[in-house]
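Protein sequences appear in the order of chains A and B. Position one of the first sequence corresponds to residue 1 (the working numbering), numbered consecutively onward. Position one of the second sequence corresponds to residue 1001 (the working numbering), numbered consecutively onward.
Take these hints with a grain of salt, some might be off.
[As the list claims (entries may be wrong)] In silico lysine-lysine, DSSO-like type, Cα no more than 30 Å apart, as pairs: (1) 42(A) / 1041(B); (2) 1022(B) / 1041(B); (3) 1019(B) / 1041(B); (4) 79(A) / 1040(B); (5) 1041(B) / 106(A); (6) 1041(B) / 1018(B); (7) 109(A) / 1018(B); (8) 109(A) / 79(A); (9) 109(A) / 42(A); (10) 1019(B) / 1040(B); (11) 42(A) / 1019(B); (12) 79(A) / 42(A); (13) 42(A) / 1040(B); (14) 45(A) / 1041(B); (15) 106(A) / 42(A); (16) 45(A) / 1019(B); (17) 109(A) / 1040(B); (18) 79(A) / 1041(B); (19) 79(A) / 106(A); (20) 1018(B) / 1040(B); (21) 45(A) / 1022(B); (22) 79(A) / 1018(B); (23) 45(A) / 109(A); (24) 1040(B) / 1022(B); (25) 106(A) / 1040(B); (26) 1019(B) / 79(A); (27) 106(A) / 1019(B); (28) 79(A) / 1022(B); (29) 45(A) / 106(A); (30) 1018(B) / 42(A); (31) 79(A) / 45(A).
Hints in this document: simulated from the structure, not taken from any laboratory.
What follows is each chain in one-letter form.
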Amino acid sequence: RKEVEQDPGPFNVPEGATVAFNCTYSNSASQSFFWYRQDCRKEPKLLMSVYSSGNEDGRFTAQLNRASQYISLLIRDSKLSDSATYLCVVTDAYSGAGSYQLTFGKGTKLSVIP
Amino acid sequence: ETGVTQTPRHLVMGMTNKKSLKCEQHLGHNAMYWYKQSAKKPLELMFVYSLEERVENNSVPSRFSPECPNSSHLFLHLHTLQPEDSALYLCASSQDRGGGYNEQFFGPGTRLTVL
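Sequences and hints are given; from them, build the entire structure.
Encoded structure:
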């Protein structure tokens, strides 16, 4: 069974703190990796892709370790607006005709406190 | 704002009712997806349509019946549901060019309650 595991949290951190989320995936054949963000009672939205070389987008840094099947997301200088659930997502299967299946983790809830 | 819309946003139905969820994407994409999000569970992929053909059906019970009349519209027909089917149903779309993952854009979802 293909699974994506995340610490559900919640992570309660003060503004300005640095927080890290971890994720492990079970399917060694997984091809692509992402972090999505889901605000309360809203739809998920792509935050960033995760590349083997690691990638950074402003205050957000994502890392991938294929050997350990491990993905991480680091948020520096947390803002109140970062409060959300962060979903670890991998692509597992190619469904044909260019469509991919995504496997989602349950998400890690972050609350940034004033 | 998302280019994927869903109606209704909230739906309460009895187990003997028949209802339909509607999804429309305004992004010119050629693939559409239905997902189910239950409390304390990860998003589960239900159906995938690419170029209006169903390419994936993840062992979803037959009381859920998808329909994709064109590349912009996707329906989920519901009949004789069970209380455990209560969840948030999310539609998504992507522009699939083949050979690599393309971002999926989600609609706001329909929150379904089955009594």
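Tested hints:
Between the alpha carbons of residue 42(A) and residue 1041(B) the distance comes to roughly 16 Å, so the proposed pair stays at or under 30 Å and holds. For the proposed pair residue 1022(B) and residue 1041(B), the alpha carbon gap of about 23 Å is at most 30 Å, so the pair holds. At most 30 Å may separate the alpha-carbon atoms for a hinted pair to count; residue 1019(B) and residue 1041(B) meet this at roughly 24 Å. Between the alpha carbons of residue 79(A) and residue 1040(B) the distance comes to roughly 25 Å, so the proposed pair stays at or under 30 Å and holds.
In summary, the hint linking residue 1041(B) to residue 106(A) is supported, as the alpha carbons are separated by about 6 Å, within the 30 Å threshold. For the hint linking residue 1041(B) to residue 1018(B), the alpha-carbon distance of about 26 Å falls within 30 Å, and the restraint holds. Only pairs whose Cα atoms come within 30 Å are accepted, and residue 109(A) paired with residue 1018(B) is rejected, the gap being roughly 35 Å. Distance restraint check for residue 109(A) and residue 79(A): the Cα-Cα separation of roughly 14 Å lies within the 30 Å cut-off, and the hinted pair is therefore satisfied.
This hinted pair checks out: residue 109(A) and residue 42(A) have alpha carbons roughly 14 Å apart, not beyond 30 Å. Between the alpha carbons of residue 1019(B) and residue 1040(B) the distance comes to roughly 25 Å, so the proposed pair stays at or under 30 Å and holds. Using a Cα cut-off of 30 Å, the hinted pair residue 42(A) and residue 1019(B) holds, with the two alpha carbons roughly 23 Å apart. At most 30 Å may separate the alpha-carbon atoms for a hinted pair to count; residue 79(A) and residue 42(A) meet this at roughly 19 Å.
At roughly 15 Å between alpha-carbon atoms, residue 42(A) and residue 1040(B) fall within 30 Å of each other, so this suggested pair holds. For the hint linking residue 45(A) to residue 1041(B), the alpha-carbon distance of about 18 Å falls within 30 Å, and the restraint holds. At most 30 Å may separate the alpha-carbon atoms for a hinted pair to count; residue 106(A) and residue 42(A) meet this at roughly 15 Å. A hinted pair counts as satisfied when its Cα atoms are at most 30 Å apart, and residue 45(A) with residue 1019(B) qualifies at roughly 27 Å.
For the suggested pair residue 109(A) and residue 1040(B), the alpha carbons sit about 12 Å apart, so the restraint of at most 30 Å is met. Distance restraint check for residue 79(A) and residue 1041(B): the Cα-Cα separation of roughly 27 Å lies within the 30 Å cut-off, and the hinted pair is therefore satisfied. Restraint check for residue 79(A) and residue 106(A): satisfied, since their Cα atoms lie roughly 23 Å apart, inside the 30 Å limit. As the CA atoms of residue 1018(B) and residue 1040(B) are separated by approximately 27 Å, the hinted pair is consistent with the 30 Å bound.
The straight-line distance between the Cα atoms of residue 45(A) and residue 1022(B) is roughly 20 Å, inside the 30 Å bound, and the hint therefore holds. For the suggested pair residue 79(A) and residue 1018(B), the alpha carbons sit about 45 Å apart, so the restraint of at most 30 Å is broken. For the hint linking residue 45(A) to residue 109(A), the alpha-carbon distance of about 15 Å falls within 30 Å, and the restraint holds. Taken as a hint, the residue 1040(B) and residue 1022(B) pair is honoured in the structure, with Cα atoms around 25 Å apart against an allowance of 30 Å.
The suggested pairing of residue 106(A) with residue 1040(B) holds, with an alpha-carbon distance near 7 Å, which does not exceed 30 Å. A threshold of 30 Å between alpha carbons decides the hint, and for residue 1019(B) with residue 79(A) the separation of about 41 Å lies outside it, so the pair is violated. Restraint check for residue 106(A) and residue 1019(B): the C-alpha separation of about 28 Å stays at or below 30 Å, so the hint holds. With a C-alpha separation of about 36 Å, the suggested pairing of residue 79(A) with residue 1022(B) is violated against the 30 Å cut-off.
Only pairs whose Cα atoms come within 30 Å are accepted, and residue 45(A) paired with residue 106(A) is accepted, the gap being roughly 15 Å. Straight-line distance between C-alpha atoms of residue 1018(B) and residue 42(A) comes to about 26 Å, which keeps the hinted pair within the 30 Å bound. Restraint check for residue 79(A) and residue 45(A): satisfied, since their Cα atoms lie roughly 18 Å apart, inside the 30 Å limit.
This entry does not satisfy hints 7, 22, 26, 28, going by the numbered hints stated previously.
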